[in-house]
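**Q** Sequence lines, in order, name chains A and B. Sequential numbering of the first sequence, starting at 1, is according to our numbering. Sequential numbering of the second sequence, starting at 517, is according to our numbering.
By construction, these hints were calculated from the structure, which means they are not laboratory data. Bear in mind the structure is a predicted one, so any value in this text is a computation, not a measurement. Check before you lean on any hint, since a few could be wrong.
To be verified - With a straight-line Cα cutoff of 30 Å, these simulated DSBU-like cross-link-like pairs (lysine-lysine) come out: (1) 405(A) with 1023(B); (2) 500(A) with 1023(B); (3) 921(B) with 1023(B); (4) 921(B) with 241(A); (5) 443(A) with 491(A); (6) 141(A) with 241(A); (7) 405(A) with 443(A); (8) 1016(B) with 405(A); (9) 460(A) with 921(B).
Protein chains: 2
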Amino acid sequence: MNTIQYESQTEKWGVFELSCLGPETGNPFVEQKISADFYAENQTVTVKGFYDGAGIYKVRFMPSFEGRYCFCVRASFLKEEVTGEFLVTSPREGNHGPVRVAGTYHLAYEDGTPYYSVGTTCYVWELQSDERIAQTLRSLKEARFNKIRFCIFPKHYDYNLGEPRSYPYEGTPMDSSVLTKENFSFYTGKTEGNHWDFTRFHPAHFRHIETCILELQKLGIEADLIVMHPYDRWGFSCMTKEQDDLYWKYVIARFAAYRNVWWSLANEYDLMEHKTIADWERYAEIICKEDKYSHLRSIHNCHGFYDYSRPWVTHCSIQRQEPYLSAEYVDTWRARYKKPVILDEICYEGNIQFGWGNIDGEELLRRFWEAACRGGYAGHGETLMNPENVLWWSHGGVLRGESHKRFGFLYDILCETPGLGLAPYDWKWDCVCAVPECEFLKKVKSYYLFYYGFTRPCFKEFEIDPETEFEIEVIDTWNMTIEKQGTGKGKFRVELPGRKYMAVHLKKTNCEKCEK
Amino acid sequence: MNTIQYESQTEKWGVFELSCLGPETGNPFVEQKISADFYAENQTVTVKGFYDGAGIYKVRFMPSFEGRYCFCVRASFLKEEVTGEFLVTSPREGNHGPVRVAGTYHLAYEDGTPYYSVGTTCYVWELQSDERIAQTLRSLKEARFNKIRFCIFPKHYDYNLGEPRSYPYEGTPMDSSVLTKENFSFYTGKTEGNHWDFTRFHPAHFRHIETCILELQKLGIEADLIVMHPYDRWGFSCMTKEQDDLYWKYVIARFAAYRNVWWSLANEYDLMEHKTIADWERYAEIICKEDKYSHLRSIHNCHGFYDYSRPWVTHCSIQRQEPYLSAEYVDTWRARYKKPVILDEICYEGNIQFGWGNIDGEELLRRFWEAACRGGYAGHGETLMNPENVLWWSHGGVLRGESHKRFGFLYDILCETPGLGLAPYDWKWDCVCAVPECEFLKKVKSYYLFYYGFTRPCFKEFEIDPETEFEIEVIDTWNMTIEKQGTGKGKFRVELPGRKYMAVHLKKTNCEKCEK
């Protein structure tokens, strides 16, 4: 009888891992199966395991409750079931569980702690050198990002045409030195010269990504995993249906037990010309079936949105579709989809030639505030040219821009909002105004956040309610200062500096608490 | 027999004026009539005259041809017709005649000289002190504006609540010291306390405006006269139909002979709640009938556009209708109305609390360039707070902003475009591109003007035609520099500084001339 290896205890929402030895012969990825049932007072779950190479098979599980769990392992290579038990302890500090949709338009960790998304994109930061990966983690921490979008597959696109540190499959890549701009377009899915066995994964590639997911987890950062994408010279974007499904199941078996994982089915799904809507729906079906923890699920567009009203889509993961407006549509999209609106791509702070990567830090920060005050969440990226040709958006590394220094300030203000999250409020045509999402707090006129964007009034007059007294704060969103201007009641006037990117915060003094 | 006074000669498109004495008794404005026929080889026109007070009656005429003209005056107080003749000389330098629509979307003086509108708004600059009027004229000249919008009636609105230098009617105004924000809203048309005789004009008010129109003419500036408006505490916005018609006819009889006059039926016509579409159409009918020179005609909106497709409307005179986009719609509006698109109000450079008056100079200049590259024309205004409470948009005076210093640079570039005016060209999604309006020049790929607005690429790649060679200019629209970067053919790359508000100019070397 094989020995099953496991730790005798794990924390709630931690990863409990079973491993055992099995056959190395044949093709273990497709010929062998392993799964386990997990039982506790409040939970019964069956999860599939995976082959991790070198004869090692693993099953991973994320327990959602504290207390004693039993398991029962079955495998094609095991003569009989193997059972055991382990203890789930209370979560350690900083472990709030996976992020869930909360209150229709917002997000919260499973323990109820609100999660205000401040995300960035570094497509293949984890496929860089160890040194750069460490640098990226330091940058992420310093900028206080709490989400990062990145790809499992390597990426072939401008500024990122080299070889990744590893490949997901056994085999050899094409010789990229034969490529020129003329004979290669990233989304044609041409695969000449590649020699992969799409039935044999390269476990080290995935193990490395797991290390990175865990590093992010330690920093409180969600890993928004882009499972498929079109920037490809290796053929990973045009595998067969069976190959795709094998990949999806392997990815889920390996990654789903990490509490900070989100599923992004694809980046710019609509550029993947070999895939149909039926394919995307099938992948979604696989996730819904195989991911026992219901991690957040979405899909990111280029030209046109995926139908975010599909039941499996937990939140919108939007790329803006116009050169001028982006965050300004958050309220429209909230109303349309009745889901959290995350603007993962609204033009990066940068100076490259493409219009999706050349706005300045002021404008990107403006879009963040605009999105926040309309009840949504914007995302960052950086495409600033530099002599090393290391662009944050693709490689990670150091942050060179200006906007990232100012997201933490916004985040702190979001954390102070009463209730969970902000909702847009139709105040006047010439500014955005946010109120608490909570109906009770809205009704008692507890809180108003006015944002003036690129306009620069040197004062504003208010008249909200004759009886309600408000504490007045003038917020400089760029310089990150908050100036208290006493209180106001009935009609009152707030002095402003006549600069751009200012906000006014009105908070009801002695506000009632929401009973919810 | 009365003596008719007149000069024996005038220049083409100058004002030829006949004057004579008549009765002062009764109400000459409504009881007497005077008109004259003018004859020349190519022109026969009958124009109505007006009573100018103190027993003086006048008839004004703008001749459109050189050579000998005859006239024949008739008046209710003249026993018989009086005839005479005068010589029309060639226009003096700088006199290009009235501005006309040219080539569907653009404008030109009657002598064929292109007119690229660079306008501003100072609603009642001409009703200020002589000193401030002189200052405004100096400012207009220095900034090289070639159009100014202003009102004939005085204005009652924030920052402009005092008495004007004169009133258009005989009578006395209300005591404005009784007004508070609470008991007076500018567009209710309440008239208590005013005592006017709406059948008796105050000629000095109009004579003064004529002086101002002439001063503008000397500077080559078009007078876009706002004949009606809603910012009123005197009742001028809610006269009866008969009173309105009398006013319109008086205005036309006095002002139409000045070649630099444009008719703006109203500012924010839709705020004038006492007027109906039928009223506006009736005023338009009066202009079309009484203005023998067919000066440009339009009407300016607040919330919703007037139907610019009405045949009498010569061009769109637009106030933007959204807080974010304005100039970006020029091509849409061109396509919809098939007329010149002038954006007379797209938010002023300023820092007042209202969202229509608090953008910075960079953003206003951006809107000018955006409008120009889409084949339209933007308008300036300034609402910068200052200790004297003298805001350019209302009073004129000195310019305190940054944008006005940079319109002349744009104007010079427009003057250099081949053919008449620019047309939008669908290049790529992330910039605007202008080409000549002329089909021939478009076809031969003569000229491209790319504008990058708030994006800041540090280079751009071009591929227009394998055979066409272009002279490359990099334009910094803010710093007003033009850097020549040699020539490009086939695929070429243009280096940019990675700053905002840049443009690239590509001009075909050895370009064919348009034969038209």
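**Q** Within 30 Å, alpha carbon to alpha carbon, are residue 460(A) and residue 921(B)?
**A** holds, 28 Å
**Q** Regarding the pair residue 405(A) and residue 1023(B), is the alpha-carbon distance no greater than 30 Å?
**A** Answer violated: residue 405(A) to residue 1023(B) is near 42 Å, above 30 Å.
**Q** Take a quick look at whether residue 405(A) and residue 443(A) sit within 30 Å of each other, Cα to Cα.
**A** At roughly 35 Å apart (the allowed maximum being 30 Å), residue 443(A) and residue 405(A) break the hint.
**Q** Has the given pair, residue 443(A) with residue 491(A), been kept, meaning a C-alpha gap of at most 30 Å?
**A** holds, 19 Å
**Q** Is the Cα-Cα distance between residue 500(A) and residue 1023(B) 30 Å or less?
**A** violated, 37 Å
**Q** Residue 1016(B) and residue 405(A) were given as a pair; does the straight-line alpha-carbon distance stay at or below 30 Å?
**A** With a Cα-Cα distance of about 21 Å, the restraint between residue 1016(B) and residue 405(A) holds, given a limit of 30 Å.
**Q** For the pair we were handed, residue 921(B) and residue 241(A), check the Cα-Cα distance against 30 Å.
**A** violated, 62 Å
**Q** Is the straight-line distance between the alpha-carbon of residue 141(A) and that of residue 241(A) 30 Å or less?
**A** violated, 39 Å
**Q** So if I understand the rule, the pair passes when the alpha-carbon distance is 30 Å or less; does residue 921(B) with residue 1023(B) pass?
**A** OK: residue 921(B) and residue 1023(B) at ~26 Å, within 30 Å.
Checked against the numbered hints given earlier, this structure breaks hints 1, 2, 4, 6 and 7; the rest are met.
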